Amino acid sequence: MRRTTLRTAVAVVTAGLTLTACGSDDGGSGGGSGSDWAEATSVEDGGGMDALVEAAKAEGELNVIALPPDWANYGEMLETFGEKYDIEINSASPDGSSQDELNAVTSQRGQDRAPDVLDLGTAFARQAQAQDLTAPYKVQTWDEIPEGQRDPDGHWFNDYGGYISIGCNDTIVAECPQTMQDLLDPQYAGQVALNGNPTQAAAAFAGVWAASLSNGGDLDDIGPGVDFFVQLKEAGNFNPVESTPATIESGETPIVLDWDYLNAAYAEGLAEIDTEWTVAVPSDGLFGGYYSQAISKFAPHPAAARLWQEFLYSDEGQNIWLAGGARPVRLTSMEDAGTADADALAALPPVEGEAEFPSQEQETAAKDVVTSRWNEEMSG
Amino acid sequence: MAPFFLYLAVFLLLPLVVLAVEAFRVTDPVTFEEGWSTANLGTVTEGAYGRAYVGSLQLSAITAVIGAVLGLALAVAVLGARRGRLLRRMVLTAAGVLANFGGVPLAFAFLATIGNAGVVTALLTDTLGLSFSLYSMTGLAIVYSYFLIPLMVLTILPALEGLRPQWREAADNLGASGWQYWRYVGGPVLAPPVLGATMLLFASSFAAYATAKALVGSSIPLVTLQIADSLSSNVVVGAENLGKALALGMVVLVGLVMAFYAWVQRRTQRWLT
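Keeping their order, the protein sequence lines are chains X and S. The first sequence begins at 410 in our numbering and counts up one residue at a time. The second sequence begins at 19 in our numbering and counts up one residue at a time.
It should be emphasised that the hints constitute simulated quantities derived from the structure, not laboratory data. There's no promise every hint is true.
[Claimed, not checked] Facing chain X, a subset of chain S residues (Cβ under 10 Å, in silico):
no.	residue
1	Y67
2	G136
3	L240
4	L249
5	V253
All values derive from a computational prediction rather than experimental measurement. Don't be surprised by glycine CBs; every beta carbon is placed ideally from N, CA and C.
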């Protein structure tokens, strides 16, 4: 689900090898405690919260994958969960992508180290469901997840989201851009970067969509977004270096389009070296996106996997995401109930207007446009 | 021999077969149903992917020739230096280190020096008014030369040392000019190893990934970058089979180049006997 650099180099080489390993071992769940948590679709179904905690503690471990500690506050999330329930967390390939996660589920099927829980781009969550890789489960707070942000049966459900934002190094850039159209200003020559290729990186793809909204496009038409970047490139403002914490720190990519919770995390890191990193959500290109949670059908620790979901969707878990600048999926309900962390809420960058989300069909159409046009028009 | 063939079968043939099979699988982006199709092969030969192959081939050919010519010149110069034993050892050691200096560290070394916010960039623009973009095909070729030239020196030095001084003396005694010596004696003896080393540079640059990824992202069309993007996508569902089709194309291209090399080598050997 995230940017990848060196890891994919290894993946290119090993993809063929790991694939040969699948299908050899079809055993079911490995280290389970013998109960039927693997089949439980809710806490009541499995015998209540106390039973779940007990079963998860007996399993003693949880395998997570592709969760960078500096992403949406996952570092704190994992630590808090591990301490609270005394469960050891094995975090595999933190910088992996959604596709890597699905590959791991299929190729490590039946092994103790297979992932228990997944954090995926929604399209990949749907694919996982279609390929029969997910176990349906409804957390206790299920009703507070807005409809349309969850699969009706609980195969996947959105977890947290954010808006595309313009991160800007205030120490290098004289006047930080506030809108997408500002980026075309000649004073930003060679400074505007994305976090990857939009055909591969989700935030970059969302960046193209935000550009489209600011450039006369809509959710049915992402084309003007590609036009915008072509224009940006011709104006000499586009910086082809894909942003990473290292390029941001060195000043190589002074202006970066990325999710607001990631730019917020960079700001925190840069404050330590006396560099100011400002985060602006562009009013002319308001585009939001959510990621989705799912439980692997072949989870070696089925109870711990379900306890993890209960924790994520509890007030405590949702507030940890909020503290990292991400907008948890239950935020509206929590604001109404007054259980959302007020300080963290106030620290979110201001957003004007309300974002709409693309449907599955709109998303598929947009991906077709970007995959066929981006590499054609932006490279060379 | 048996262990060697077993090794080859497991780590070369098997992945190749998997690759060749998977390249013909497709996933429907809406229904997620999988099926067989030759659509991937069609897709990878045209449009942006076709241009990526052309870009990769161009970059590899240019950097291989630059690396081979400069590396050969450096190797000849080092061997020819009088009282050059210390110099030779230093150059060899440096080449050994630099030939393995690639990937993200190399890209960052260049970024920090002549990138947008680089130390030397500021110097050049402030004092000389020069502007230079590292994020171009030319920039990439310069960065690649940084490890290709030392690689050439390492691979060609043994062949140069095999060129016995007696041959030169014999040619001189028979009244051959310098040009004639290289044309009829030195050149033919050196041609196969030089060609082989050039091939090595070509393959090395054709397969390079991390340096380009860190330096130019998607702005320069290269096959390896496209493969990586397809294999671990966060955006497009089912793109990994397209990546495998792209990889299969690379295998075919390298196969063709190797066949060409084998043919040329046979010709030069016939010429020698």
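Quick rundown of the hints versus the structure:
Hint status for Y67/S: holds, given a least beta-carbon distance of 8 Å to chain X, under 10 Å. Taking 10 Å as the C-beta cut-off, the interface hint given for G136/S holds, the closest approach to chain X being about 8 Å. The interface hint given for L240/S is met, as the beta carbon of that residue sits about 9 Å from the closest beta carbon of chain X, less than 10 Å. Checking L249/S against chain X by beta carbon gives a least distance of about 5 Å; that is within 10 Å, so the hint holds.
For V253/S, the suggested interface contact is upheld, since its CB lies about 5 Å from the closest CB of chain X, less than 10 Å.
The structure shown violates none of the earlier numbered hints.
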